[in-house]
Structure formats: C-alpha cells, structure tokens
Amino acid sequence: MSKRIDVHHVTRVEGHGNIVVEVENGNLTACRFEVVETPRFFEAMLLGRPYREASHITSRICGICATGHATASLRATEKALGVTLSEQSWLLRKLTFHGEILDSHILHVYMLVAPDFLGVGSVIPLVNTHPETVLRALRMKKLAGDICATVTGRHTHPIAMTVGGFTHFPTIVELENLYQRLIESRKDLDATVELFSKLPWPEFERETEYVSLSKPDEYAFIDGDIVTTDGVRMPAERYKEVTNEFMVPHSTAKFTRNKRESLMVGALARFNNNYEQLHPKAKEAAAALGMKPKVTNTYLNSGAQVVEIVHSTEDAIQIVEKLLERGIQPEEPAHVTRMPGEGVGVAEVPRGLLIHHYQIGEDGCITGANCIIPTNQNINNLEHDMRVLVPQVMHKNEDAMRLDLEMLVRAYDPCISCSVHVLTIR
Amino acid sequence: MVTIASYPQMQTGTIMDRDIYAPGLGTIVNIRPLTSLEKVFTIQLPEGQSLGHRPGQFMEVSVFGIGEAPISISSSPSRSNGTFELCARKVGDVTTALHNLKVGDKVGLRGPFGRGFPYENFRGKDILFAPGGLGLAPLRSLINQVLDERNLYGRVIILYGARNPGELLFKDELKAWSERDDVELMLTVDRGDEAWTGNVGVITTLFKFISIYPRNTVAITCGPPVMYRFVLMEFIGKGISEGNIYLSLERKMKCGVGKCGHCQINNIYACQSGPVFPYKEIKGLEEAL
Amino acid sequence: MSSNGKPKIAFFDFTSCEGCQLTVIDSLQDHPELLNVVEIVQFREAMTEKGEDYQIAFVEGSCSRASDEPRLKKIRQQAAIVVALGACAHLGGVNALKALHPLDEVRKYVYGDKADWYETYDARPISAVIDVDYAIPGCPIDRNEFISVVKALLLGKKPPIPDYPLCVECKLKGNVCLYTKGQVCLGPVTRAGCGAICPSFGASCEACRGFITNPNDNSMREVLIEAGLTVEDITSIYTMFTTYQVREKIQQKG
Amino acid sequence: MAPLYYSITTEEQNVSLTILSKSAFQEFVARLLPHYRVVGPVPHDIGYSFEEIQDVTELRMEYPTTILPPKKWFLPPKETLFKFTRKNGGVIQDPPETPPTVILGVHTCDLHAIQLLDTVFSSGQYDVHYMGRRKKTLIISIECLSPCDEHSFCKDMGTLTADEGYDLHLTDLGDSYAIDVGTQAGADLLQNYSSSSVATKEEIQKLNAVINAKWPKFSYRLDFDVSELSSIMELSMKSPLWEELGNRCLACASCTNVCPTCFCFDVKDEVELDLVTGQRVRNWDSCQLDDFATVAGGHNFRASRALRQRHRFMRKGKYILDAHKHLGCVGCGRCARACLVNITPVSTFNELYRQQETGSH
Ligand SMILES: Cc1cc2nc3c(=O)[nH]c(=O)nc-3n(C[C@H](O)[C@H](O)[C@H](O)COP(=O)(O)OP(=O)(O)OC[C@H]3O[C@@H](n4cnc5c(N)ncnc54)[C@H](O)[C@@H]3O)c2cc1C
Ligand code: SF4
Ligand code: SF4
Ligand code: SF4
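Chains as they are written, first to last, in numbering that gives the first Met the number 0: chain A, 0 to 425; chain B, 0 to 288; chain C, 0 to 253; chain D, 0 to 360.
Careful, some of the hints might be misleading.
[Stated by the list, open to error] Below, in silico cross-link-like pairs of lysine-lysine (DSSO-like), each with a Cα-Cα straight-line distance of 27 Å or less: (1) 267/D with 5/C; (2) 205/D with 279/B; (3) 154/D with 77/D; (4) 82/D with 172/C; (5) 89/B with 157/C.
[As the list claims (entries may be wrong)] DEER-style ranges, computed between Cβ atoms: (6) 240/B with 234/D: 37 to 43 Å; (7) 97/D with 337/A: 54 to 60 Å; (8) 120/B with 358/D: 41 to 47 Å; (9) 32/C with 246/D: 35 to 41 Å.
Since the hints were made in silico from the structure, they are not lab data.
Beta carbons: idealized from backbone N, C-alpha and C, even for Gly.
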C-alpha cells in the first residue's frame, strides 16, 4: 500500500509551503515541508541603508508580524547606538505589540484553524453557519488592529515607531475609547475560551526543546534572556548558540536546532517557559483548555495562542490605565549616544522568538545584518513532528491524512514569507 | 441671523431644483447609434415639460454612480415637442455609462446652461457653418433651427469635415441637406476609403471652393482646438468681421454654473459666458484659442 | 460570472510580505457586504477552496525569479482584469532594493556557499512581465482604497486612484508640514491616496505609492538639499520603494 | 456697521462698543456651548487649527495663524451634495442640516476672504450648500494687534481691519475685550449669553491706544499700492517670470489648498457596496494640479506649471477682483508659508511690478 500526500501551497498559512509525504508499503520514505517562497534577501537589502530606515524596511519582511519586526529592529538599533527609551515609549511599544499579538492570534485561531474543526475550507462558509462566531472574530480583530492604528498609525507596517521613541502620540480621547472597547471585549474573551476549550484537539505528543525569551518581571514579549525547557538561559546576544542555522536544499528558509534534533518556538514555548507570569485570567483560560506546563501536544500551540489572547488583552488594559493615569506627553525620540555600534534586538512575535542583529557604521549606515525568523526555527521541528505523526495516522485514507498534516502545519502558524536568511556577521 | 446683502434672484431653468447641483430626471425614449463611438439619445422630460433651450446650450447629464458630464443639446428648439436630443461620444466613464443605457432608463439632468447662439440676430444674413467632427453635434441644433425657419435667412453654407467617412455624423441628415437646393453642403475627410468620392483633406481645404459676401455673413465653427484655430484664420481671410464669427469652445466642466473653476478661460467661465462666444469677445484672451 | 451573478475574483501572491492580502482581510472587517457583490474563488492566505474561473485577479508581490513568469502569464490569460495589489506588484517595492547591489553579492551574503541553490533575479513589478490594467498602490494598500477600486470595477468605471501629490491630502487634513518641523518628506512627488498617513503620524512619506505621472524632480531634489540632505541621503530616500523606477537614473550616475 | 474709530468726547453718541472682561468672555463662550456648535482656534501639533471645541479652555484667542482657514466650516474639503439611488434613478435625500454655529477668533484677513466667498456662492447661481452653512453661522472676529509672522502682508492688501462681515468683533484690551456689534444677531447673542457692559470713556481711550499702537507694528511689504495690482497683473500676461515660477513649482497645490479665497472644486460620485445607493460629493480641487483643465482624450488646456502659476496669480490679483469686487488675495501669507520652493505673492507681485517699472518684459 503506497500513499503520497502532496499539498502544493498549503492554504490558510502565511507564505508558500508544500507538504510532501510518501509512504511505501507502510514505510515512510519521504517527509518534507518545502518552503518555496521566493527568497527575499532582506539582510542584503539593509546593507548601506541609514539606520533609521531599518525598521521600515524590515517590517516588510512580514505583513502579519510587521510590528514585531519593527520592534525587534528598533531594539537592535537602539542597543547598537545606546538609545534609552522613556517609560512612556515603553508603554506605547508594549501596547502596540499586544495589538499585534491579538491581531495575529485571532486571525490564526478563528480564521485559519477553526475552519478545520468545523469541517469547512475557510472562514467564508462560517458566515452563514456560525455568524456569531465570525462577527465576534471580526470584532476582536478590529479592536486589535485599532490598538496598533491608534499608537502607530496602522498595524501592517507601523508608522509612528522610530529609533528612540515615537513620532506621534495617541490622544487621551483615543485612549479612553480603546479602554472602553478593551473592557467590553472581555465578554468576547470568555466566549473565545469557551469555544476553543470545546474543540476536539487532536491527540499528539512529541516533546521537544521549547525556546523563548524570559524576563524576571513580566511575561516576555520585548527584550529578555533566551531560555529553553532544557534549562538553558543566556543573554540574547549569544543567540547563535541556540539557533544554529543550517540549510536544506528543499527550502528557501533556514532551519535551526539547538541541543536536540530540533527546537520549537512560539506561543506554546512561551507558555511552557513563562506560565507563571501570565495574567491570572489567562491562567484560568489555560485551565479551561486543560493546559498546564509543560504541554507537549503541538496542536495546542493554538490553545496557547488563545491563552495569550486573554493575557494580552488584560495587560493592554493595564497599560492603557497607566497611560491614562500619567497622561500623554508628546516627547522627542531619545537620542543616539554612540556610533558606530552593534546590537541584538529580540522580541517574541506571535510565532515565536525573533532576532535582529545589526552592525552600524560610522556614517550611520548598516554594515551587517542578520535576522532570525521564528518560522525558520520551527520548520525543522515540524518535519520531526510529521515523522512521528505519519505512522500514527497511516491507516487513514489520504484525505484524512492530508487534513491531519495540514492541521499540524497550521498549528505552527507558519509565516513563511518571513523567509530571510542569515550569514554569520563578519 | 447673519445679515448678508440681498442676493440676485437665482436663475430658474425649466428643470432646475432649488439645489443647483441636484439633477432632475429625464427618460431616454430613443437611442440611435451614429457610428461606433457616437449615439443620439432622445430624452423626454417629466409631464411633457419643454426644455426651452437655445441652440448652443448644453446640459449636465448624470448617470448616477458614475458621474456627470456636459453634453450639448443637439436638437433644435423648433423640433422640441417635449423631447430633446443629445449626441454623445463614448470617451470616458460617464459617456461610456451613458452608452450602456437602454430606452426607458433615466438620466439626471441639469440645465440648459450657458449662452447659446443669438440666432435672431442672424436673420437676414448668410450663414457659414464649419463644424469639425463631433462639433456638428451642437451646431446641428442651430442648423435645424435655421432650416425650420429657412426663409428668414440668406444663404446656408455648411462645410463639414471628419477624419474619415466612417466618422461623419448624422449621415441621413447630411444626405437630406445635400438634396435641398437651399443648402450648400460640402464634406471632406482627412483620409478617404474606397467608397469615398468626395473631397479629401482637412476642412480648410474646402474654403477655396466657396465665395461669400463677407459683410453679410455670419460664420460659425465648433470642433477640436487644432481645427478651429485654422478655420478661424480662413474666416478672417474671407473678410468676415470678428463680431460675426462665433465659436463654441470646449473646456473641462464640473458644475456648469460658474463656480467650480474648471472651465475658466482667463477671467471668463466658459460654462456661463460661453460655450458660444463671438470671436471679438475672446480674441484678446490669452487662454481662449 | 458565477451562477449567482456575482463576478468572481481571485487573489494571488508572489514575492511579498502578504500585508496587502491581510489588508484585504481587514477591509472585510469594515465591509463584510463585499461578499454580497463578489465571489472570492481563490485566496490562498485565507481559504482552501479554489476556483479557476475568475474575472478579476488581484496580484500581490513582485516577480523575483524567472520561474514566476509562467504563473503570472496564466493569470493574465484567465482574468479579464488584472490589478496589481500593493507596492511590490505595482513598483517592485522594497524587494527591488537588492538591485542596488550586484546580484551575486546579494546571494552570497545571505546564502553563502549555498547561493546557487536559490533562484532569483532582480525583483520587478508585475507590469514588467504581463499587462496590468490597474494598480492599487501602497505598502500596504489602503483598505478604503481597495474597497473603492472594487466598487469602481464592478460599475465599469476607472478606479479612482489619484494622480496628484500627497501634499494635497496632507494639507486637506490640516497637518503641519514636516518641512516646517525640520523633517523631510517625499509628499510633493508621491501619488496621493493613502490619506497622507505617514506625515499624519509624524513620519516622512517614503513614496511607497510611487511617483505621480509628472513630478518636478529637480525642484524636489533642491528642496531636499536645502533641508540638509546629501546626495547619498537623497538616493537612499528615493530608492526605498522605487528602486526599480529610479534605478536607471542611479546607474547612469554612478 | 461699527465705526472704526471712536470719539471719546461724546458719551451720548450711539456707539455700539461693549466691554467684556476676559473671564466674562470665558463665561460667554461656556454659555454658548450647549446651544451652538462653537468653533475656534485650538493648538494643533506645533500650529493652530479651527476646530469645534467642547471646553472653553481649548481656545487660544491669541494665535498667530492657522494652517487651513476657517473656510472649511462653510466649504468643507469634502462634502455630500446629495444622495441618489441607481435603481430608478434620482436624488433621494438632502444632505444633513448644519447645526447653528459660532466661529470665534477669525482674523480680519479671513473675514475679508469669507466676504468674497459669500459673494461667489450667493451671486449668480445660489449655492444652497455653502450658503446653508454660512447662514447658520455667527462670526466673532478678532482684531490682529501684531503680524502673524514675516509672511503676513495684510496691511498692504487692506485687510488689517474690517468694518463689516462680522457679527461681533473683539479687540483685546489686555484684561478685557472691546466688542463691536456688527449685526442684530450679534447683538442678540451678546444680550442673551453674556453680561457685557457699555464701554466707559477710559475703555474707549484704551481701545484707541491699542489700535494706534498696532498699525506701526505691521510693515508694508508690497513696493506699490494695492490699487495698482489689477493693472500690473493685466500687463503681466507675457512676463518671463511665469516660466521661472513654473520651473520651481512642485505643483503640489499646497498654496491653493491653504488659501482662504480659493474655492474651486471637483465633483464625483461615490457608491455604497450595494452598488445601488450612493452620493455625489464635492471636494476642493486646485488649478495647480496637472489634470485640472484636462479633458477626456488628454488635451490639457493649461498643461504647463508656468501657465498654472500664472492663472493662480491672475485670479488672486485680478480676475476675482474684476468678477466679484473683492480682492482675490487677502494677504494672510498662508500660501507663502506652505510653499516649499518659496513662491510667494509678495515676491511675485513685487517682481512683476519691478519688471514693469524697468520695462524688462
Ligand atoms: C459645453 C460642452 C459641450 C459638450 N458637448 C458634447 C457633446 O455634445 N457630445 C459629446 O460627446 N461630448 C460633448 N462634450 C464633451 C464631453 O463633456 C466630454 O466628452 C465628457 O465630459 C467626458 O466625460 P467622461 O466622464 O465620459 O470622461 P472622463 O475622461 O471619465 O472624464 C471625467 C470627467 O471630467 C470632465 N470632462 C472630461 N472631459 C471633458 C470635456 N471634454 N469637457 C468637459 N468636461 C470634461 C467631466 O466632468 C467628466 O465627467 C462637451 C463638452 C462641453 C464643455
Ligand atoms: S508633510 Fe509632506 S505631504 Fe505633507 S505638505 Fe509637507 S511635504 Fe507635503
Ligand atoms: S505617506 Fe507616503 S510612504 Fe506613507 S503610505 Fe502614503 S505614500 Fe506610502
Ligand atoms: S494667495 Fe496666499 S496670501 Fe493671498 S489669501 Fe491666498 S493664501 Fe493668503
């Protein structure tokens, strides 16, 4: 009995990827996830550009995590050039970051993942069968986008974030309006947790090394040390020791591994490493989903995203409260204190650990750049998951197998258009 | 509350609403294709109203959702009996949408706008018409008015040019005019085809065939700028006085009521002071010709 | 047309960040009625269903390798109207930046000794490969503009993409000009339509919507020089999204 | 209309000068708020803007100038003329009504500009949209006591003061405002919402001192008298200056978009996503833009930037004056501030004058 699963351009993921699985006489003979996105060469594109442009160029790596790229990029530049952010800037950075986490997670769990459980090909048929759910998703996503738009002008390719701070500030009226809507969205959060806690998550366990950022005082999204569930902890500057990148011919993305054969980044990794720092309501949500660290079912990456939707909303509420309390002071961006410089900027974007590493020359232009994208780190783990999953589902027909595999791919929420690649900085 | 000096009475056209920008409605009762690009639309106003226009005036025609465009009234007041005609060339959004309408469809209408031809003053005189291409559409209104009261005028000479035989408009009427012995009609095309036996050349090549009595002649032209500049020179060369030469000028228009600024020629708004001008009035204007 | 009389539209992506498709999804937040007037038959980012009989194709992304060309040509054959969606498809966008360096160096910089594994050439707008009827400019596209283009196409009108400078929108918003604040901006030569969103948020316009048909380039450069920019700075700001458009000039100069 | 100068000798004279202390003025505005939409100058970024206020503390009566003139409250950058349905055709609804409005703090240059616009939109064909808003609006203007900045040339244009066009006119006397009453509606407003007092002899004296002190602070910037402007323009059609301006001009239309006297507009149809209902909108247009005079088929009746700049200045200096008996430029200087290539009315008018004096064209 031979089977061949060949999914050309997996749908409902960001970017282009193919699943290729071949089973011959019950043996797995091929098992690949091919990244066929055209290579984009962002690191090379940064060469010679003024440092101020870096965050605008690199946000174009990915439309979904544009704010994340811009944030990591700015942090790399700010660290390179000795720029210290004000408290207000930090609050605004974090607020807009939550907006992106929410936007991306909501898009993923409602529009890309949920259709699989409801047996449809996209969110569009759900408009008729589950109008309430779709409207709720749209409402939540709009709020998420509006958080970003209020702070930085727009979610995809943020405008007002710049090296050292911001070029525009939300008004008190705009913040009050956001606050109101965030509070109101709590009932949507409850409904979301309820919906996803009832879904029949596929049973699949494969333990791996879960890698994320970690900070002493908060659930880490921007800055922090790199930690893993295997007990590694190191400053972000030493990222290369974890994310050993290697290349495989069937992919334009680079793969990474640490100590084990593969590693995983993303919501589940953050959940496993930083569970204690989640907002209490997020922990309640985790309980409702039956999740407690360490969770080793890859499909529950989407569950961890639901938990983070609760966390980010609650934290956003606290940040807006604080901003309203202290008022908004239009302030000049903080100054650059040295040049040249080198810096590593890290952030936990929706899909996991993102690293930007720049060298900036005397003239303020970039002389070296390296970006490590979460999806690149995950693809290797995904292939290893596939190798474990296929034998478990081999008895099913091809369609059912294909769905299982596609759902596994989607669980990673891969963001393949982020296909940028690294080279050791000289 | 605020006292602002009293305003001149607003002009009340036949179908004009209180709001000068809000169109009334007319119904298309007939559509006649002339060429691949031009169609003639016969339009009826509600309750048998008559448009009450003057040859040379234009309407602002709306296809709702697409926009509004100025189109000359192509029929003569003498033949109005409750309807009027527009001849539109399909060139852009509104005119294409107009071409897609069917008999029974409604269009938005504002107007008639602008200054038409003072044809009462032409009575007793010879009239030389020299339209080019689509320029016949507005002049047809005046030509038919004159022909319908033919005995009030002297000679009627029509020189009409188009780029090729296929682009000649109103061929049936051209034929009828050519068969009348009280109309002198001459046609020309820039490029002929196998069937064409008439004159080939731009419209100015026809002028050598006619002799006129300049002092008693009114000369009228309408067409694209490149064409009327040369026709004007012919008129002047024939000795026709500047006060007896009339042009109908095209400009971009949005409002038709002298506000939007698009049709301005120096200090003159073509929509209100024109589109028909005696040459005398505009020859000093840098931007007119 | 589909059996329900709705025109069928499809979305395709090439080299891009998919932010424009995401913006399309966002536009559905504000305008779910869109689905009443069109039928989406392909949208890989958002749906699995797939249909090949579309009338309007929205193409995101630039063409950055020879093997993309046949796929583009197939789309052109099927669609009555092809619309370039966003700066990458419309201009080449940021992807074209790599044309500022020799291609070999670019490959080596990113893939080292494995450079030959990866197929690539200078990124170009899709209009360099197929005929394009209209472009919705922007990086990313503006969601309201997307909706208004769809409406225009459904009505058989020219899509209302402005061909005047961004300063018009900026002024109508009542913004303080960035030059007044000592910053620079490409507004005077950039095609409006985004609502001058960057200047409105305090940042300089980087011409992601491309240039107007008839920009006064010399004057713009003089303004930038007066604002303290060097020739290198000007090249840099002029190439962010429009390398493909200005590259000839740059190559001539240097 | 209120007289410009006040005699201090005749208390019996029927002078409509009233005094409102600054705190009483604040109260006055606060009392207006529940009954009127109140618009006034408020800080905006590093500049000022005429915006609707919710609270009197937002107001800045001593502002230099705004980016956009108050015109936008009568002729909005974009407005719906009417709604329509495509089904059976036709106009289906009138645009929403304007609430009664008070605009505060209008400088006298802008006041002159509003008078021009009033003439444009009320004469000939009456524009119900502009006039509808205008008639619902009361204008409380303010006397300028020092120039906004180096670009102001109101003194040359004769707009440094105004004797009509306002309902109430304020002059800042330090801790109070002297108020001229321009219309009965203005008088009623004062009567109903404020506790004003008739000016005393001292206050009239103070007013005269303030006005006397003001004039020398403004300098003349034109090299000729404004009464000559129209004839200078008339003789300048063929000046080589236009070509020079055309080379510099970015055709960004900032000059016309910020101008209080510009009123050209474009009209477009917009439809809803049902593709059936929609609205006809008008928005500001500019003679400086490439396709302002371009017709279908591509012919542009004013194709070069030089011709477009000429048209703009001809309108400002001559055409508008000829047509409407009001100057087409009120010397506010906004266009000069907005222009990135330093094309300004003062330098243009002076250069044309110089060319004529020296016979250099
Ligand atoms: C006084 C006058 C009389 C006219 N009479 C006729 C006629 O009898 N038959 C005919 O076919 N055409 C006539 N035209 C030209 C006609 O107005 C244009 O062809 C038409 O406006 C094109 O509109 P559109 O929407 O199809 O084209 P688009 O290119 O889509 O134009 C968009 C808009 O720009 C304006 N515009 C564009 N071109 C012109 C133009 N040439 N004149 C005025 N406004 C323009 C209109 O408001 C138009 O709706 C006349 C023009 C004028 C000024
Ligand atoms: S900020 Fe930019 S777009 Fe705005 S007016 Fe200034 S130059 Fe023009
Ligand atoms: S302001 Fe400029 S860079 Fe910003 S979105 Fe608009 S066109 Fe693009
Ligand atoms: S032309 Fe310039 S100075 Fe004159 S009124 Fe207009 S903006 Fe003010």
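Now for the hints, and whether the structure bears them out:
Note on residue 267/D and residue 5/C: the hinted pairing holds, with a Cα-Cα distance of about 25 Å set against a maximum of 27 Å. Distance check on the hinted pair: residue 205/D and residue 279/B sit about 59 Å apart at the alpha-carbon level, beyond 27 Å; violated. Straight-line distance between C-alpha atoms of residue 154/D and residue 77/D comes to about 32 Å, which puts the hinted pair past the 27 Å bound. For a cut-off of 27 Å, the pair hint linking residue 82/D to residue 172/C stands: about 24 Å separates their Cα positions.
Taking the CA atoms of residue 89/B and residue 157/C, the gap is about 14 Å. The hint holds against a cut of 27 Å. Evaluation of the 37 to 43 Å hint for residue 240/B and residue 234/D yields a failure: the beta carbon distance comes to about 28 Å. Checked against the hint of 54 to 60 Å, the pair residue 97/D and residue 337/A passes, with Cβ atoms roughly 57 Å apart. For residue 120/B paired with residue 358/D, a C-beta distance near 43 Å keeps the hint of 41 to 47 Å intact.
For residue 32/C paired with residue 246/D, a C-beta distance near 49 Å fails the hint of 35 to 41 Å.
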